[in-house]
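Chemist: So the protein lines, in turn, are chains A and B.
Basically the working numbering = 1-based index in the first sequence + 227.
Numbering follows the working numbering, with no gaps: position 81 of the second sequence is 66.
Everything labelled a hint here was simulated from the structure, so no lab data went into it.
Some hints could be false.
[To be verified] In silico PhoX-like pairs for lysine-lysine, Cα to Cα no more than 25 Å straight-line:
#1 B:K161 <-> A:K277
#2 B:K115 <-> B:K41
#3 B:K149 <-> B:K161
#4 B:K74 <-> B:K149
#5 A:K266 <-> B:K161
#6 B:K111 <-> B:K54
#7 B:K149 <-> A:K229
#8 B:K22 <-> A:K273
#9 B:K41 <-> A:K273
#10 B:K41 <-> A:K391
#11 A:K277 <-> B:K111
#12 B:K115 <-> A:K277
#13 A:K269 <-> B:K41
#14 B:K115 <-> A:K269
#15 B:K74 <-> A:K237
#16 A:K394 <-> B:K70
#17 B:K115 <-> B:K22
#18 B:K41 <-> B:K26
#19 A:K273 <-> B:K111
#20 A:K249 <-> A:K277
#21 A:K237 <-> B:K161
#22 B:K70 <-> A:K266
#23 A:K273 <-> B:K74
#24 A:K269 <-> B:K26
#25 A:K277 <-> B:K149
#26 A:K266 <-> B:K22
[What the hints assert, rightly or not] Derived Cβ-Cβ restraints for the label pairs, each shown as a range:
#27 B:L46 <-> A:V378: 26 to 36 Å
#28 B:L91 <-> A:K394: 21 to 31 Å
#29 B:D95 <-> A:L254: 27 to 37 Å
#30 B:D52 <-> A:T367: 50 to 60 Å
#31 A:N252 <-> B:N104: 44 to 54 Å
#32 B:R50 <-> A:V386: 58 to 68 Å
#33 B:L91 <-> A:S392: 47 to 57 Å
These numbers were taken from a predicted model, which means no experiment stands behind them.
Quick reminder that beta carbons are idealized off the backbone N, C-alpha and C, glycines included.
Spelled out, the chains give:
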Amino acid sequence: MKLTDEILNKYLDGELSSDELKELNLLIEEDPDALTTLKTHKFVDKTLSKIETETAPVGITQRVMNIISAASSVKGKKFYFFRFVVSLFALLISGTIFFIINNLPEPEPESQTSLKVFDTASKFLNENLGSLSNLLNNNTLIMIGGILTIVLLISGYFVLESHKSFKQKLENSFH
Amino acid sequence: MKNLSDVEIIDSVNRGNQSDFALLIERYKDRAFSMLKRMLKNEMDAEEVLQDCFLKAYNSLNSFRQDSKFSTWFYRIVYNTALTKLASKKRKTEMEMSSIDEHFDLGQYDNEIYSQSENASMYLLKMVNKLPVKNGLVLILFYIDNLSLNEIAQVLNLSLVNVKVMLHRSRNSLRKLLEEHNYQEELL
């Protein structure tokens, strides 16, 4: 066996087979230069595990944590605001559905229902579409439109404000 | 709390204990900073990128699937963020060029470092800083972070063979430098 770089690295990485290991042991017993080379290579390996790491700048942990808490508090506020807006929309939709349900036609007697399914369905649709078109034609539509516009304007204002305050907090945490 | 594993800390942060993320920062800040300083060669840039890396890691913590170690995942963020920084400074090409075929030109620093070193260990550790960037990163990740060669390959986006070649070449070059200065006599 000749002591090559490959053998030395295989030795360090524990990749030599038992036969190769026996050959290496024989070699270093017979050849003192091979033993020196092996010892030097092992020394390199041992010393490399003592590579010094740099020390991160003081306060880096606090700075990162400040940015994270600033961002999450703004995110939390945003979350509550959007929950409020969504609830408002849900309320409006529920109101509309409630209004439609209140205008449902009286159900027919059970014996006639099976025979008049299609008639009932078409009657129901006509009546509800009729009431919906009445709804769209009267002042209620203007009122709903007005409410939606106000809600959208208020939402826009708060989104803008929360964006501004987020930017402000980010800048503060950097300084 | 300091004895918690990375996975336990991540679970805690994901459950809403935001402040526990500080434990991960404390655990990785020095090693990540060493990598960044080696890559960016500038303390200010390294500090800025280090902060970015922790914020990126925090924001993506939910997407960390735990199919690899946190260290591998985090160091990949560190490496890629540093590359982006280098690209913005148009120094990425320089970094990319430090391929495994690059010849080690350690000779130019040798005399100066040899004259400043009191013993073989000191000489060796100083010469490590003069290795090509990627070789230095492989050594840090292998010897300090105890990452396997496979994990290092994932972090540096290299093949396993290339990582192995880099590690072996670095060891061989350093051993040959010790032999040139007859340090081996000191070791016997």
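Chemist: Tell me the numbers of any earlier hints that the structure contravenes, in ascending order.
Modeler: Numbers 2, 4, 6, 9, 13, 15, 20, 22, 23, 24, 26, 28, 31 and 32 - these are the hints that the structure violates, sorted from lowest upward.
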